[in-house]
Amino acid sequence: MRLLSIPATLVGIALAIIFFKIYGVFTRPDVPRPVAIIVDQFAPGVSIGAKVADARHSVAAMTYVPHLGYVGLPGSRGPNLPNGYMVKFAQVRLLLDEETRRLPNPNPAKARIDAVEIVSGEASAAYDIAQAFTMTFRRAPREGCLHTADENRVRDVQIWATPNERGGLALITDHRARSADRANGPQMTSVIGFVGKFDGGRTLRGNYTDASCSLALPS
Amino acid sequence: MNTALRLSLLATIALVGNACRRAPRFDPAEAALAAAASDSLTVALADSIAPAQGYVASQAGGPVESISACEDHVYSRGWQSFASRIIELELPDGYTGTTQSSYRARWNGPGGWLTASSNSTDAHVGWSGAITSECDVFISGSPAHVDLVTIGYSRGVHVLIKVQGAPDIGIEAQATTITGQAQLLHAIRSARISSAWGRPE
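Chain order of the listed sequences is A and B. Using my numbering, you'd call the opening residue of the first sequence number -2 and step up by one each time. Using my numbering, you'd call the opening residue of the second sequence number -16 and step up by one each time.
No incorrect hints appear here.
Just some of the chain A residues that point at chain B, by a computed CB distance under 10 Å:
| hint | residue |
| --- | --- |
| 1 | V62 |
| 2 | G66 |
| 3 | V68 |
| 4 | P76 |
| 5 | K85 |
| 6 | R90 |
| 7 | L92 |
| 8 | S121 |
| 9 | A146 |
| 10 | R150 |
| 11 | D171 |
To list a few chain B residues with every Cβ distance to chain A over 12 Å, as calculated:
| hint | residue |
| --- | --- |
| 12 | S67 |
| 13 | T81 |
| 14 | Y86 |
| 15 | G92 |
| 16 | S116 |
Keep in mind the hints are simulated off the structure, nothing from the lab. Backbone N, C-alpha and C define an ideal beta-carbon position, used for all residues, glycine too.
All chains should be modelled from the sequences, with the hints used to inform the complete structure.
Set out below in structure tokens:
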């Protein structure tokens, strides 16, 4: 009798494992929590996966940019970094998937936000945000470089992905290696919150390489 | 046992179905258009906010007589960090902290000094001198008014930061040269309001 109960126990354990696997698949949030929280901190009222129309009260002066998505001014709730610090964001971009952004006039009531980009022109934004992300994810970022149409203008990229690569955050900032570069204009910094596995230029909407920008520029 | 088998079968189908979800098609031409749209938006945004940060398209040659309060081109790598209960900032080499209390902090350097204190007056009140330039900016996320002032050979920077939910902060800095004035202006513009400011000790 005791021998017969062993297979039954094994089947029970297997069933329990399968149940929790399925339960996890169906109940896990679409957007990883750290990504959702940070997007909401930097662009209050905006969330990945929501419909564009749902964000219309949170994004002022929203306009559609073909091949990219909807662009506008983010709201603010005061300090958005640990210890009461704040980065002021000048623009929020509700990025659409490839199929939707081809349309000349997508319907905001149907178009879903595929990723969110928030842009700041503050000089210390990249440093402050990188510190906050390192604290949140408790690890150093993966580094890369975004190339622009101007071959002398490249942008440093730092990626923090969730442990199971269900999403992540990309911090992109103008590469300023020399002091003379400071006179070129404000140092622009973007944060892109995305879901799914990081897929280089496809995720970042740009020409991305894994090599550091220091290697990309002619010396 | 039959029920268990059915459940296992359903679970397997669900897991396999989830894994076999078709990845969206990648179109390099569309990706290039997206990259161009993103890049041009960033450049346009940088151009639109540049004047507010004091950047100009071109500068005439010759010696600089004065600087703009909206301007901030100083290179500060290697400067020393200082903290107080009012602000945290970076100052050029040679500066040291002197007075440090809950409501007042002062730093002295070889070519100037800087104080930060609680302020209850409006901008342009409580000091004298000729204003050479003024600008409204954000410092540590709070709106601030910056005045550059000349008194004889002294070059001053007066800043009033309107802090939400805490007393306003007044900052005064004096330098003997325009370079020193530009450095102190940069130090103030890139300062952070301490998280302790406005909170009881």
